[in-house]
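Engineer: Protein chains in written order, with our numbering: chain S, 391 to 572; chain R, 126 to 422.
Please keep in mind that the hints were generated in silico from the structure rather than gathered at the bench.
Glycine included, each C-beta is placed from N, C-alpha and C at the ideal position.
Be careful, since some hints might not be right.
[Unchecked claim] Distance ranges between label pairs, derived from CB positions: (1) 370(R) with 433(S): 18 to 28 angstroms; (2) 263(R) with 435(S): 26 to 36 angstroms; (3) 258(R) with 500(S): 43 to 53 angstroms.
[What the hints assert, rightly or not] With a straight-line cut-off of 25 angstroms between C-alpha atoms, the simulated SDA-like cross-links for lysine to any residue are: (4) 153(R) with 569(S); (5) 529(S) with 399(R); (6) 420(R) with 473(S); (7) 185(R) with 259(R); (8) 529(S) with 278(R); (9) 199(R) with 420(R).
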Amino acid sequence: MNKKVLLIILLAAYSGLSQEASEMIDRQGSINFFSYTSVENIKAKNNQVFSNINAVTGEIAVSILMRAFVFEKALMEEHFNESYIESDLYPRAKFEGEILDFNPSMTGRETKKIRGVFTLHGREKEIEFKAAVEKKKNKYIISGDLELTVKDYDIKIRPILSPNIAETITADFNFEYVPYEN
Amino acid sequence: MKINQLYILGVFALIFGGMQGQESLLSKLEKEQEIPSYEVLETFKGTYLSIGHSVETQKKGILEVSSMNRFWNKPIETSQSFVADKWNARVGLSYAFTDRFTFGAGYGTGYKSVDAYAKYRLFIQQNNGRKSPLSVTLLQTAVHRDKSKYDGGGPLDFSEKIAFTTQVLIARKITPNFSLQIAPTYIYRGEESLIPNESLNRYAVGFGGRYRIGGHVSVVSEYYYVFNEVDFMETYGPFSLGVNWELSDLLLQFKLTNARHFTEDKFIAKTANNFNTRDGNFHFGFHATYVIHFKKR
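All chains, full assembly: derive it from the sequences and hints.
Structural biologist: Structure below.
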């Protein structure tokens with residue numbers, strides 16, 4: 391009897407632990423986005439993106455600070471934060487979803503679909519995109535790109551400036567996940 | 126008894142273990158990635174609020190080219206001029222040597238005035254309260270006017286042609302759309318030495334505000350109160366009501382005002398007409414400011 395109870399305790403403790411151990415994080419993930427039009431090319435990069443995954447279930451989350459995007463021109467950065475993204479009101483963008491058909495025992499590199507809810511400028515939208523998932527020793531690397539439609543997130547671009555800003559923005563991302571340190 | 130206790134402990138451990146797993150990945154991230162305190166952007170849209178300077182300076186490596194214009198009519202019924210009788214203008218250049226320090230210079234059509242200013246951002250408001258709740262910018266201007274004596278007795282001495290203005294610009298962005306500025310001002314005008322017993326020093330305070338009504342459009346207003354107005358002529362505090370409209374790299378500022386001059390010492394201390402819509406008092410102002418990025422990051 392005693393042993394059985396001990397086993398339950400151990401199992402319970404382990405289930406908690408294993409869940410912890412299966413979670414991995416990247417605190418220096420990068421996201422770049424581009425808007426190409428014939429009038430103006432706009433580029434921005436952010437190397438302070440936080441993302442974590444559950445390497446058993448394939449769940450994934452991303453948290454992006456809008457003020458951490460760096461633009462070529464200082465004025466673009468101001469307009470991005472003040473007029474379009476309103477980073478005072480919506481300081482971060484978030485993604486919460488899962489890697490579809492995730493195989494926890496994978497090795498090497500696989501192309502997977504990721505589906506989830508992306509929240510930008512306070513508006514939620516379900517998105518799905520492809521990404522390369524790679525396992526290297528005890529690291530996971532997830533990278534790829536996706537397109538976002540500006541309209542979906544209620545970002546207002548005045549008609550006079552619409553030739554300067556693309557309707558769909560291309561974003562690429564690169565994350566390297568390591569186990570949470572204890 | 127003992128077994129029961131152990132069993133309860135086990136159940137607790139299970140629940141606890143389960144709970145740990147239940148915290149979503151995203152909430153974990155958000156807990157860890159705190160939002161840092163940032164410098165507040167765009168307390169005002171331009172480096173000029175409306176008629177006077179704002180706390181804003183441009184970021185390092187930006188050259189500002191500005192054209193400032195005022196139009197007004199003479200208070201004569203018989204005027205045959207098209208659109209406006211009189212026009213006053215200033216063209217200016219300013220360069221941001223650092224994110225905090227800007228140097229500017231300008232040329233004005235009134236008395237061929239040449240002016241220069243240095244502007245330094247002492248404090249920049251942080252969006253996370255405690256660190257710095259206000260923006261404070263120091264402004265020092267100097268101007269030289271090519272003027273002659275009032276009675277036609279030849280040009281003024283150099284010391285009479287120059288004037289200085291020192292301002293401490295203090296502002297706060299109260300909401301994303303609403304900002305206020307207060308500006309204690311000290312003015313020295315050499316020209317006043319022509320008037321017997323007139324002080325060369327003026328003390329004033331400026332009040333300004335902007336309210337953003339759209340993504341790129343804001344309504345601005347400014348008023349200066351002079352504590353010791355000159356005695357030998359009637360002067361009024363300059364007032365302005367205007368709209369700032371930002372078009373990418375171009376800022377357009379439209380205003381209705383009683384001030385017809387561009388340099389601080391003159392329009393604060395020597396605005397000779399009140400604000401109303403009568404000819405001679407009513408001035409329409411139009412500023413266009415274009416920014417050029419010399420340093421790309």
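Engineer: Against each hint, give a clear statement of whether it holds in the structure.
Structural biologist: Here's how the hints hold up against the structure:
A hinted range of 18 to 28 angstroms holds for the C-beta pair residue 370(R) and residue 433(S), which are about 26 angstroms apart. The hint said 26 to 36 angstroms for the Cβ distance between residue 263(R) and residue 435(S), and at roughly 34 angstroms that hint holds. Hint check: residue 258(R) to residue 500(S), Cβ distance near 52 angstroms, so the stated range 43 to 53 angstroms holds. A C-alpha spacing of about 14 angstroms is found between residue 153(R) and residue 569(S), which places the hinted pair at or below 25 angstroms, so the restraint holds.
Only pairs whose Cα atoms come within 25 angstroms are accepted, and residue 529(S) paired with residue 399(R) is rejected, the gap being roughly 73 angstroms. Between residue 420(R) and residue 473(S) the alpha-carbon distance is near 23 angstroms, which keeps this suggested pair within the 25 angstroms criterion. For the given pair, residue 185(R) sits about 21 angstroms from residue 259(R) by alpha-carbon distance, which is consistent with the 25 angstroms threshold. Of the pairs offered as hints, the one joining residue 529(S) and residue 278(R) is violated, with about 86 angstroms between alpha carbons and a cut-off of 25 angstroms exceeded.
Between the alpha carbons of residue 199(R) and residue 420(R) the distance comes to roughly 45 angstroms, so the proposed pair goes past 25 angstroms and is violated.
Of the numbered hints stated above, those contradicted by the structure are hints 5, 8 and 9, listed in ascending order.
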